[in-house]
Amino acid sequence: EVQLVESGGDLVQPGGSLRLSCAASGFTFSSYSMTWVRQAPGKGLQWVSYISSSSSDMYYADSVKGRFTISRDNAKNSLYLQMNSLRAEDTAVYYCARYRRNVAKDIVILPVHYFDIWGQGTTVTVSS
Amino acid sequence: QTVVTQEPSFSVSPGGTVTLTCGLSSGSVFTSYYPSWYQQTPGQAPRTLIYNTNTRSSGVPDRFSGSILGNKAALTITGAQADDESDYYCVLYVGSGSWVFGGGTKLTVL
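Listed in order, the protein sequences are those of chains W and E. 1 is the number of the first residue of the first sequence in this note's numbering; add one for each residue after it. 1 is the number of the first residue of the second sequence in this note's numbering; add one for each residue after it.
In case anyone wonders, no lab produced these hints; they're calculated from the structure. The beta carbon of each residue, even a glycine, is placed where N, CA and C say it ideally should be. A couple of the hints might just be wrong.
[What the hints assert, rightly or not] In silico DSS-like cross-links for lysine-lysine, where the CA-CA straight-line distance does not exceed 25 Å:
#: 1; chain 1: E; residue 1: K106; chain 2: W; residue 2: K43
#: 2; chain 1: E; residue 1: K106; chain 2: E; residue 2: K72
#: 3; chain 1: W; residue 1: K43; chain 2: E; residue 2: K72
#: 4; chain 1: W; residue 1: K43; chain 2: W; residue 2: K65
[Said to hold, decoys possible] Computed far set for chain W versus chain E, every beta-carbon distance over 12 Å:
#: 5; residue: G16
#: 6; residue: A61
#: 7; residue: T91
#: 8; residue: G121
Just need the whole structure built from these sequences, with the hints factored in.
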């Protein structure tokens with residue numbers, strides 16, 4: 001079964017740090033790009049960060065750039081999000097999601113650019 | 001700053017048809033934005049419904065369909081059921097390693 005399981009969410013004070021983890025199973029983790037998406041309480045989804053399969057490319061939403069760092073360990077089938085200088089507005093459920101850049105249809109490779117598998121999320125609360 | 005717009009709320013009668021839209025605050029949505037749609041019920045993770053404008057994800061009933069209508073992406077539910085009552089989010093790939101979600105539409109089936 002394809003599965004993503006997040007962990008590491010906690011209550012942290014403003015200015016503090018936290019590291020989230022996402023354990024992948026049921027698929028060849030090293031072949032897929034991965035992302036983090038968050039959802040503040042009562043709000044919508046927000047893309048946070050992206051990392052390519054080989055870690056050669058990493059992207060961040062402007063709201064977290066310079067504070068968050070995405071990384072992965074393909075040998076451990078794990079994705080991470082290091083969050084520093086946390087703010088109250090970072091309070092959210094954080095989901096990891098597998099990213100599909102393209103799919104093979106017959107002999108053609110089609111770009112698709114979507115999030116196909118989601119974890120159940122881990123809750124980060126930033127408060128004093 | 002790219003803003004993706006969705007109707008905040010919508011209601012549909014059981015068995016009815018509803019079309020939710022996904023637009024841009026400035027400009028049109030094209031297939032090259034690779035619009036995708038996600039369903040989320042309270043307390044649950046999002047579920048992928050539609051990708052690449054109109055391709056249903058594995059296991060998604062064919063009462064869900066995606067398209068481009070005018071200058072927006074659209075999600076149509078035909079023959080709505082009670083368990084379709086959820087929040088629906090679209091997301092657009094705006095390029096250069098950036099994805100923007102719409103604010104979501106809360107669908108009520110009553």
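Status of the hints after comparison with the structure:
no.: 1; hint: K106/E x K43/W; verdict: 11 Å, holds
no.: 2; hint: K106/E x K72/E; verdict: 18 Å, holds
no.: 3; hint: K43/W x K72/E; verdict: 22 Å, holds
no.: 4; hint: K43/W x K65/W; verdict: 21 Å, holds
no.: 5; hint: G16; verdict: 26 Å, holds
no.: 6; hint: A61; verdict: 8 Å, violated
no.: 7; hint: T91; verdict: 16 Å, holds
no.: 8; hint: G121; verdict: 6 Å, violated
Hint check: violations occur at hints 6, 8; the rest are consistent with the structure.
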